[in-house]
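Asks: So you can see what is in the structure, the chains are spelled out below.
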Amino acid sequence: MLLIDPVRMLPSLLLPLVGVLFVGGFSPRSYIWAALGVVGTVVFAVIRWATFTYELVGDRLETKRALISRSVRTIPLERIRGVDVSTPPMHRLLGLAVLKIDTGASGGNEEAGLDGVTLTEAERLKTVLLRRTAPAAVHPTHPAHPARAAHAEREIVRVPKRWLLYGPLSGAYLLTPFAFAGGAIGLAFQWGDELGVGRDVAWHAGEWLWERPYLLLAVAVLLVLAMPVLGGVMYAVFNWDFVLKRRDGYLVAERGLVNRRSVSLESQRVRGYEIVDGLAERWAGVVRAWAIVTGLGDSRTRGQLLPDVPRPVAYAVTGEAVGPYDAALRPHPPVARNRRLFRAIFPWALLALLSAVAAVATGVTLGWILAVVALLLAGAGIPLGLDRYASLGHGYDGARLSVRSGSLRRAQAVIERRAVVGWRLRQTWFQRRAGVLTLIAGVGAGTGGYEAIDVSEAQGVAFPTEVTPEWLTPFLSGPEDS
Amino acid sequence: MTSQGPLRDPANRVSPKAVRLWLLQSLMAFVLMLGGSLLVARLVSGWGWLPDWLSEHSWLLPVAVVVLGLPFLAAEPFVRYAVHRWELSGDVVYARSGFLTREWVFVPVSRIQTVDKGQGWFERMLGLATLEIRTASHAGSSTIQGLEHGVAAGLAEQLARRAEVLRDDAT
Chain W
1 MLLIDPVRML PSLLLPLVGV LFVGGFSPRS YIWAALGVVG TVVFAVIRWA TFTYELVGDR
61 LETKRALISR SVRTIPLERI RGVDVSTPPM HRLLGLAVLK IDTGASGGNE EAGLDGVTLT
121 EAERLKTVLL RRTAPAAVHP THPAHPARAA HAEREIVRVP KRWLLYGPLS GAYLLTPFAF
181 AGGAIGLAFQ WGDELGVGRD VAWHAGEWLW ERPYLLLAVA VLLVLAMPVL GGVMYAVFNW
241 DFVLKRRDGY LVAERGLVNR RSVSLESQRV RGYEIVDGLA ERWAGVVRAW AIVTGLGDSR
301 TRGQLLPDVP RPVAYAVTGE AVGPYDAALR PHPPVARNRR LFRAIFPWAL LALLSAVAAV
361 ATGVTLGWIL AVVALLLAGA GIPLGLDRYA SLGHGYDGAR LSVRSGSLRR AQAVIERRAV
421 VGWRLRQTWF QRRAGVLTLI AGVGAGTGGY EAIDVSEAQG VAFPTEVTPE WLTPFLSGPE
481 DS
Chain E
1 MTSQGPLRDP ANRVSPKAVR LWLLQSLMAF VLMLGGSLLV ARLVSGWGWL PDWLSEHSWL
61 LPVAVVVLGL PFLAAEPFVR YAVHRWELSG DVVYARSGFL TREWVFVPVS RIQTVDKGQG
121 WFERMLGLAT LEIRTASHAG SSTIQGLEHG VAAGLAEQLA RRAEVLRDDA T
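Taken in sequence, the protein lines are chains W and E.
Taken in order, the first sequence gives residues 1 to 482; the numbers are from full-length UniProt numbering.
Taken in order, the second sequence gives residues 1 to 171; the numbers are from full-length UniProt numbering.
What the hints contain is simulated information worked out from the structure, not anything from laboratory work.
Per the computed footprint, the stretches of chain E lying under chain W, defined by three or more beta-carbons under 8 Å from a beta-carbon of chain W, are:
(1) 80-94
(2) 101-113
(3) 139-150
Backbone N, C-alpha and C fix where the C-beta goes; we use that ideal spot for every residue, glycine too.
Looking at chain E on its own, in the form it has when it is part of the complex (with noise of 0.2 Å):
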């Protein structure tokens, strides 16, 4: 379901140097996931246990890491930004995210009960900032990565001032 489907698609993109910081992400998964093969094939190759052709043929392993791993990690944070994009109007927020797994949510501002805004050591560096929209439920909670830094305090700002005028005790 894309723009195509009968929900349109939220207003706003994230920071285009989300992708960086989505990029640095696949890296370290890479070079974390390419060390361990090595190190598994290394072991595999020494072990007189196993059939020799399960043996013999343990570089095999890390060339799969490269050959499978490589493309999809280099494709995810060009897909994620593509697809991840958030909006707040008529109270309610409604933000896209995912990369093989998409989800939409919508959380409106009359049940959200806290804002946070948070910034991991990447985010940091590049000025980025994670929101974490949270209500009394899990599933009605919405997390949106990626923003310019100014933007997520100014959105963090409006949805609690909003939510203090909305609030709706129902949960």
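Next up, chain W with everything else stripped away, as it sits in the complex (with noise of 0.2 Å):
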């Protein structure tokens, strides 16, 4: 607990103490100037660890802060909804682990966190925590005991290592060699200063490489290269031994192999999943599936239930974890197939004619260049309207209601039918020319919303009447007219 914030500082502290030995000239004074620094860090970490403390008192967790000012901060247990732990490197090391309380309220710094608790010390809250916000747990003249929490555990999935070589497919983290160079040039640049290399020679070394273009290129080449390469190594990274497991009342999601990292959602919150693939992943079979739920603040990295999985594994996988949905989706009217290659050819269409029209009107060659690859993307919108339209559809199994859309990234949402709160149909005046209306579901999770897109107008009034009869019946015509 005591190591690690000095641990951590050093890095940033790093560059300062050498710039003080090297405009001390290493001198005896520079030294001394540079053992100040590293024990003033001590001793602040010494300070800032003796003056912050945890209790639980009763049915709530209090943390106070008295360096400078004053603070505790109440979380009453049963406001908590999921307790995220993870072990950075430094901190495994050490055998310590930071641990976050998410409490469902908005906003950052509204979240408790507790940095450089050991190991044994994050199981036992955690377990603390969350037995006592389960529902299923609830003995409330006797307080649960956490020695026997951790025995009932099930794994639901063990993500096997080779599927990590689907990665790259997912399109994540492939701007990674750029930001790689991006961040060795900013150092360079930094570095350089420190050290005294002025800028004119970083400024030289542009202008060298700029005289040679195709060094350059190399460059370039390789850094695409690398894209699929880096990005599938960083993806292993961040998802290795992804581990969905069900601990009485939780779902438990670990992954990672330098931060191994544990997320807690209250399976009572999950109201249901999304399943995503992008067109690579769905010429290989594989998906992702994130869980929608009620009050995760950053759901997206939070809410992931599977990295890339077989299809059939990801169904078997997210049935059991949250609840199957088995029915047929049913396509959208073809007047909706029309609109789909419109809004993906038109735009580029226009943009060609118009490019080829100031091509013609001023006679600069970079107007046909713009045209020709307008049109090439005019030319790509019709297999992707096409797939659009295709992957449109909505359809209700009896329990949950799912909806699909997309192409380059086509996302199917499964959502529990408890947990539509309204309903909401919306038609613009081109909508209304053709007949179709955009079917929104109401949820107080995820995104808040789930669209059908371009449903007819009977089906965009049959499904939620097939979904909740109650709530729309009373506003149906008469049944001679419908």
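Put the two chains together into one complex; each comes in its own frame, and the hints tell you how they fit.
Replies: What follows is the structure in structure tokens.
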């Protein structure tokens, strides 16, 4: 606990320290200053550690911070929606962990965190905190025994290592090489300054490179080639040994090689899930899955149920972890296909036409290049529009409803019926002419609304009526004309 | 989809005074657009680097605003008055709204979290109010504009009381 702060701050201290040494010309005095810096950091860390306390008082957790200003944060245990334990590398070395407590409040500052508790303490706290809030385990007079809780867990799935090879298909972390390159250049500049190498040298290096375009091109090609490789490596590092398990009333997802992360989601608050696949993933038959949870901040990273796994596995796992959806998706009317095609082609076709006109009028070659590119994109719009139409669908199996849309990123949401808090039908002027509308199921979780795009007017009313007949039937036209 | 579709119209119209409210808003928008376009036309005619035909015909912009914008802005209040309707029955709020884009919203009272009654500056002048019925989801929330103040207050009261009875914490 004591060590982690100075150790973590050392890298950021390193440059100023080195700077101090350089400026001082490695004189004894500069060593003293550097040593003072290190000691100061350690002392600061010790004081910070000594003034931060946490305590379980009855049915609430209190954290107190009294370094400069005093602050006490009280978290009622019933408000805790999830506990997130992670172990960054430095922490792991020292057997420590970071505990984050999700209270469902919005805003990053509202979240309570305990940085640097021992692993065993983190596990104990986690069981205690979650145990108190899990409704299945409510014994008002006898607080639950943590030791017992630790045993009641069952693994739902452990993702095999070879499925990590699907990583590059997800398109995640593809920009890593560029981030690395940018970081390296930035660091070079910074170090250059610190070490007394002027910016002129860097500029000269840049100019030298600029005069050798083939070298620049080679670097660019290398970076592009590195995209899937490095992206895949990053993906593997983050999703290493992904385990999804159930521990009394909670879904727990663990993942990560360097920073092992464990996220607990209260089953009661899971309203459904979203199954996502991109173009490449669809070709390989793999999907990713996220949980749709009420009051979960940062749900994109926290709500992940599955990394890339084969589609049947994803169905089996989400079915077991949340609930199955087994009904076919109904297609949307053919006029929806025309609309998808129009929207995928028309903007590019218009751009092609405009740039062609501009090219003729002004005689600039750039106009022709732009026109050709736009025309190619318009051509690509044909399969894209058709595929977008093929993706559209909605369905209901008696317990859960499902809507699907998208092509480059296709997402199918499956939502419990009881999670629906309202319906909204929206019809733009163009949709009115085409006789279609967009049906939005209001859900108090996830993104808040899940859309069935371009359903026919009859479907748009029939579907909500089928899911929640008691809400819609009072407002239907008489049976004679419906 | 109008009354011929599978859905019937909600039972109640909003207050007739809402037309005046929307007319006032249209007028404001028109004045702003006209002023803006006049300003832009004035500026454009002064710029030397633009092609001549553009700076010489800059007066076309405000004319276009009047010719194209005015009919829309003038029609909007009356179309809205025909479209905007609401109803509370079977413990579900059913509301229709919109001008170019229409919206039908169904909000069951059991899922309502808050009911807000608000009055803007114009609304206050006309004795109107806007009712905001909120659930845990923005897509499942409804806003009813242009209600008579008394009606809005009564409806808010009724909804709040009923929501307490029916409260269903599934969200």
